[in-house]
Structure formats: structure tokens, C-alpha cells
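**Student:** Residues per chain are reported as follows:
There are 2 protein chains.
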Amino acid sequence: MAKKSDLDDFRVPFFDAGKKVKPFDLTSVDPAAKPFSSGTKDGDRAQLAAIGVQLDELQEKLHAQRRQRVLLVLQGMDTSGKDGTVRAVFQNVDPLGLRIVPFRAPSEREAAHDFLWRVHAQAPMAGELAIFNRSHYEDVLVPRVLGTIDKDECERRYRHIREFESLLADTGTTIVKCFLHISKDTQRERLQARIDDPTKHWKFDVSDLEARKQWDDYQSAYADALAATSTDYAPWFVIPADSKTHRNVMVAELLLRTMQGMNLEYPPAKEALKGVKVE
Amino acid sequence: MAKKSDLDDFRVPFFDAGKKVKPFDLTSVDPAAKPFSSGTKDGDRAQLAAIGVQLDELQEKLHAQRRQRVLLVLQGMDTSGKDGTVRAVFQNVDPLGLRIVPFRAPSEREAAHDFLWRVHAQAPMAGELAIFNRSHYEDVLVPRVLGTIDKDECERRYRHIREFESLLADTGTTIVKCFLHISKDTQRERLQARIDDPTKHWKFDVSDLEARKQWDDYQSAYADALAATSTDYAPWFVIPADSKTHRNVMVAELLLRTMQGMNLEYPPAKEALKGVKVE
Chain R
1 MAKKSDLDDF RVPFFDAGKK VKPFDLTSVD PAAKPFSSGT KDGDRAQLAA IGVQLDELQE
61 KLHAQRRQRV LLVLQGMDTS GKDGTVRAVF QNVDPLGLRI VPFRAPSERE AAHDFLWRVH
121 AQAPMAGELA IFNRSHYEDV LVPRVLGTID KDECERRYRH IREFESLLAD TGTTIVKCFL
181 HISKDTQRER LQARIDDPTK HWKFDVSDLE ARKQWDDYQS AYADALAATS TDYAPWFVIP
241 ADSKTHRNVM VAELLLRTMQ GMNLEYPPAK EALKGVKVE
Chain C
1 MAKKSDLDDF RVPFFDAGKK VKPFDLTSVD PAAKPFSSGT KDGDRAQLAA IGVQLDELQE
61 KLHAQRRQRV LLVLQGMDTS GKDGTVRAVF QNVDPLGLRI VPFRAPSERE AAHDFLWRVH
121 AQAPMAGELA IFNRSHYEDV LVPRVLGTID KDECERRYRH IREFESLLAD TGTTIVKCFL
181 HISKDTQRER LQARIDDPTK HWKFDVSDLE ARKQWDDYQS AYADALAATS TDYAPWFVIP
241 ADSKTHRNVM VAELLLRTMQ GMNLEYPPAK EALKGVKVE
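Order-wise, the sequence lines are chains R and C.
Residues in the first sequence are numbered from 1 upward in steps of one, following UniProt numbering.
Residues in the second sequence are numbered from 1 upward in steps of one, following UniProt numbering.
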């Protein structure tokens, strides 16, 4: 298994209120890198299955203990593999213990509230592992690129996000955030594959190609957001994601490490049940 | 694969408002029967995996189409295997397309509403497959056995349930309901196994043994409820569930049959994407 120190190499440095925030340099991480890969796809799949069994055990203890909470946030450009990650990482985990929350464009009612309102409502409860497939981070990406919020508003949102995540963390939620990092070339290949397969058109809208034209603006918005919101209580990790199997293994390893650090144990046996014979 | 007619043998006759409702005779179905079993556990597991792949495809089409909805209701006595069924039947289905809704004792806020309020809020939306792990049926079981509602109120609730399910069905939801049928002996063995394993105590409360003492009352409450609420738009099936692998295969077959009857197809290809080359 990967050492914690290896994973830490992919952690975005923590925000420091006392210093000027520099955007995280995404070009410093090669999307095609496979640092957590076993070297072969089959090896990666076996590794993923083995981690899955451990995640399943930890998730059962989380559920049994019903005290702590886990929140995994997945972000990334279109086709970066958020859906595929969920499916692969949790293939061996009991679906009863998971709650997957997809965030789409806000509804009229949601948009009539502050941007964290609908997110707070979906925060994991005691014993739950919640996975945000997109998240409140969309609100510092899309409007920033489209220019519907200015720099000051964006900075305020970064602060509100830090404070919101601090509330969750202080009240028992362990948070880990993954940016699935792909190259522009990889996105082209994956978008083209969707276009070329009519059964994949439902996943796709012509407007998705507009976002691709703003690739650099989105990378820049991510660079700022990651730097401004990576904290010791809610760190961001940059996951090289051009290789799907590597991406899956790395996210799984990260979550495994995180949950192993939570002291998850079954609650003590109940005295009242000791020696009871069922009639 | 099982023929539809075989499954229909385990369907509770439809409620007929014009006739006096007779309780469904649960003793007519042997909980130890394995009519859908291949004969061996390994064979059953292989069958289950094969059905799972088909369910996964159908679920993706359901999700892609985003028009119809599916609701699977699981009910049964303690240890009848509701959790285990979810895990086994959906092992190959993308967790992104599932929503599993466990119903526990109502909260104070929930209890301050009518009994279907919290249930309606959890109904599947377009493209979703929702699984109710316990359901609104608890409200015609527990209070009936405890005597906190009288016969008239129970009859009114049956009617409200039929009407509520009719609303869901008329507006695009395909409903299938499973009663996981175990013997009293099987329950004893399973409860004892939980007591004997301290890591299982969290699933267990001493009060669960009280419900067991009222086994016959619960069977009788089920017999009435099944008969009063099995309809062509929301049928009840009695699943012999002493064998876990048989139970899983039969629920999976039933769901497969149901979804195969829904004309699920990918939406048509988008003209606007035809021949598009991504830059």
C-alpha cells in the first residue's frame, strides 16, 4: 500500500490566512502520472478490489458506531471520471452505507437561497459516508469563468466554504476532497468517444463543448479555488486521472488512509445480550 | 431464467374492492422452498451475478431516459434479510443509479405529519431506482400489533396506501413489493448468531426479542396487509427467504422481469452531435 507521505505529495498546500494565496500550479502535476499504479491494469484492479474489502469493513464500523461522518468531494472537468470513480472505488462497499449526492445546476428554489444551503442539507449524518459528485465548488468555478461573480465575491465564497467545512469538521465529519486531473488531450478523446457512440449522447450536451473552449479559464479557476480552500480539516488532493485505473486506485488509497485514521471500531458488546438464548 | 408464470405463483392475489378481503395464507408458502434456485449456492451466485449485469444495463437506460421511475419495497420480520438482499441484488448495479431509503421509527417531526408524508418525500424521481428498506407498511404492522390503532384505522390506512401507490404508478413509477418470508426457526438461529457475535450487537436491541414473542401477531398483520394492498399497479410477492441465495436470486429475477417490461431504451441520438469533431 502507498505510504501516507506519498499521498501527501499530491496534497494542495494548506491555505494560510497570514500569507498571500498563490494559485496552485496544476502544471506541476502530470495528469498522465501513475504513482500509485502497480504497473498493469490487472494489477491495479486487484489492488482496488483489495482496498475495497478494507473500505467495506471500515464503512461497516462507521455505520455501527454511528458517531462520526465521512465526506468525499469529487471535482474535475467534464469526462474526468467522477462517475467512474464512484463506481470503481465503491464496488465492494455495501450500498446501504453510502449516499451519493450529485449536484447539478441549482433549481430555482435552490438558487433563491445562499449557495451553501442545498449543500448543507446533504451533509452526511452520523454513521454515513457521503460522496459529493460535484459540489459547492461549482459555485466558485462556473460563475467565475462566466464572469457572473467578481473577484471579491469569489474570495468571499472561498471564505464561506472554509468556514462551512470547518463547521462540518468540528462536529464530527472527516472531509477529503479530490480534484480529478486530466489533460486537455484526454478530454478531447473522451468527448469524441461519447459523440461517436449514440447510446452515450444522453450524457452529453452541445454546450459541453463551450466549456471546453474555456479550458484554460477553468484550470485557472481550479488553481485559485484549490489553493484557497485546502485546509488541514478539509484537504484537497490532485489525482492524476488520465489513467482510469490509476485514478481509481489513488482515490481508494486516499479514502482508505483517511478512514484508517478515524479509530473506527465496533461499539462495545451489549451486557444485556450476554448469554441470552433466543426462544 | 425463471418464467413470468413461475413468479406469478408467488404473487399475492389482487385486492378486489367488491369482495370481502381474506388474509393471505402465509402458511401456503414454504419459507424453505427454493423454486428459483439453480440447486447449488455457487450456481445461485453465478445466476445472481448474471442477472446483476442485466439489471445494471436496464438501470443505465432508466437513468439515461430520465422519464420512468422504479420503486422496490422490501419488508419482512427481523433478520429476514432486507439489508443482505440490497447488497446482493445490487452488487453489479452502478451505485449512482440507486437510492436506498431506510425507514426507521418516525422522528418527532415525521410523526407530526400523516404517515405517508415522509414516504412521499422519498419517492423516486425520474430515472431513479429507489429501494425502500422497510416502508409505509410498518405503519400497518407495528401499531396494529401494539394495539395503538384499531381495525377501522388500519383499514383506512390500507386504503390510503392503495391510493398513494396508485398516484405514484399513474405518474410513471413502476412498483414491486417483496415480503421476505422466513420461518420462526430461521429467525431464532439468526438472532442467536447475532447475540453470539459481539461485533453484531449494534444491529440488535433487547427489545427485538419482544417483537419475536409476538411472531404470530406480526404474521397475522402481514397476512392482512398483503391481501389488502396487493394491486396490479403495486403487487406484493412472497419470497421464500430461509435460503439467502435463493432469496437474492428470486428478488433479482423479479426486478429483472419488472424492468424488462418497462421498454427501457437509450434516448435517441442527438442530431446536433452527429459528425461533430472535438477540437
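Don't read these hints as lab results, they were simulated from the structure.
Ideal placement from N, C-alpha and C gives every residue a C-beta, glycine not left out.
Treat each hint with caution, since some may be false.
To be verified - Rough simulated footprint, nothing fancy, chain R against chain C, three-plus residues with beta-carbon under 8 angstroms: (1) 37 to 43; (2) 80 to 87; (3) 191 to 198; (4) 265 to 276.
Said to hold, decoys possible - Below, a list of computed lysine-lysine pairs in the DSSO-like style, where the Cα atoms sit at most 30 angstroms apart: (5) Lys277(R) <-> Lys20(R); (6) Lys19(R) <-> Lys151(R); (7) Lys270(C) <-> Lys200(R); (8) Lys184(R) <-> Lys41(R); (9) Lys270(R) <-> Lys41(C); (10) Lys244(C) <-> Lys41(C); (11) Lys244(R) <-> Lys61(R); (12) Lys61(R) <-> Lys274(C); (13) Lys200(C) <-> Lys61(R); (14) Lys274(C) <-> Lys200(R); (15) Lys200(R) <-> Lys184(R); (16) Lys244(R) <-> Lys184(R); (17) Lys61(R) <-> Lys274(R); (18) Lys274(R) <-> Lys200(C); (19) Lys184(C) <-> Lys274(R); (20) Lys274(R) <-> Lys213(C); (21) Lys184(C) <-> Lys244(C); (22) Lys277(R) <-> Lys270(C); (23) Lys34(C) <-> Lys244(C); (24) Lys277(R) <-> Lys274(C); (25) Lys270(C) <-> Lys184(R); (26) Lys203(C) <-> Lys34(C); (27) Lys61(R) <-> Lys200(R); (28) Lys41(C) <-> Lys61(R).
**Student:** Work down the list of hints and note, for each, if the structure agrees.
**Tutor:** Hints versus structure:
Chain R is given as covering the stretch 37 to 43 of chain C, and this is violated because 0 residues of the stretch bring a CB closer than 8 angstroms to a CB of that chain, at least three being needed. Closer than 8 angstroms: that is the beta-carbon criterion, and the stretch 80 to 87 of chain C has 3 residues meeting it against chain R, so the requirement of 3 holds. A count of 4 residues in the stretch 191 to 198 of chain C with a Cβ less than 8 angstroms from any Cβ of chain R is obtained; the coverage claim is therefore met, three being the minimum. With 8 residues having a Cβ less than 8 angstroms from any Cβ of chain R, the stretch 265 to 276 of chain C passes the three-residue criterion, so the hint holds.
A distance of roughly 66 angstroms separates the Cα atoms of Lys277(R) and Lys20(R); the hinted pair therefore is violated under the 30 angstroms criterion. Restraint check: the Cα-Cα separation between Lys19(R) and Lys151(R) comes to about 18 angstroms, which is no more than 30 angstroms; the hinted pair holds. Straight-line distance between C-alpha atoms of Lys270(C) and Lys200(R) comes to about 10 angstroms, which keeps the hinted pair within the 30 angstroms bound. Taken as a hint, the Lys184(R) and Lys41(R) pair is honoured in the structure, with Cα atoms around 23 angstroms apart against an allowance of 30 angstroms.
Under the criterion of a C-alpha separation no larger than 30 angstroms, the hint pairing Lys270(R) with Lys41(C) is inconsistent with the structure, at around 33 angstroms. Pair hint Lys244(C) plus Lys41(C) holds up; C-alpha atoms about 9 angstroms apart against a cutoff of 30 angstroms. Using a Cα cut-off of 30 angstroms, the hinted pair Lys244(R) and Lys61(R) holds, with the two alpha carbons roughly 29 angstroms apart. Of the pairs offered as hints, the one joining Lys61(R) and Lys274(C) is violated, with about 49 angstroms between alpha carbons and a cut-off of 30 angstroms exceeded.
Distance check on the hinted pair: Lys200(C) and Lys61(R) sit about 10 angstroms apart at the alpha-carbon level, within 30 angstroms; holds. Using a Cα cut-off of 30 angstroms, the hinted pair Lys274(C) and Lys200(R) holds, with the two alpha carbons roughly 12 angstroms apart. About 20 angstroms separates the Cα atoms of Lys200(R) and Lys184(R), which keeps this hinted pair within 30 angstroms; it holds. Restraint check for Lys244(R) and Lys184(R): satisfied, since their Cα atoms lie roughly 15 angstroms apart, inside the 30 angstroms limit.
This hinted pair checks out: Lys61(R) and Lys274(R) have alpha carbons roughly 21 angstroms apart, not beyond 30 angstroms. As the CA atoms of Lys274(R) and Lys200(C) are separated by approximately 12 angstroms, the hinted pair is consistent with the 30 angstroms bound. Taking the CA atoms of Lys184(C) and Lys274(R), the gap is near 22 angstroms; set against the 30 angstroms cutoff, the hint holds. Simply put, Lys274(R) and Lys213(C) have alpha-carbon atoms about 19 angstroms apart, close enough for the 30 angstroms limit, and the pair holds.
For a cut-off of 30 angstroms, the pair hint linking Lys184(C) to Lys244(C) stands: about 15 angstroms separates their Cα positions. Between Lys277(R) and Lys270(C) the CA atoms are separated by roughly 64 angstroms; this puts the pair beyond 30 angstroms, and the hint is violated. For the hint linking Lys34(C) to Lys244(C), the alpha-carbon distance of about 10 angstroms falls within 30 angstroms, and the restraint holds. For the hint pairing Lys277(R) with Lys274(C), the CA-to-CA distance comes to about 68 angstroms; that exceeds 30 angstroms, so the pair is violated.
A C-alpha spacing of about 24 angstroms is found between Lys270(C) and Lys184(R), which places the hinted pair at or below 30 angstroms, so the restraint holds. Note on Lys203(C) and Lys34(C): the hinted pairing holds, with a Cα-Cα distance of about 27 angstroms set against a maximum of 30 angstroms. Among the hinted pairs, Lys61(R) with Lys200(R) is inconsistent with the structure: their alpha-carbon atoms are about 38 angstroms apart, more than 30 angstroms. A threshold of 30 angstroms between alpha carbons decides the hint, and for Lys41(C) with Lys61(R) the separation of about 28 angstroms falls inside it, so the pair holds.
Against the hints set out earlier in the document, violations occur for numbers 1, 5, 9, 12, 22, 24, 27.
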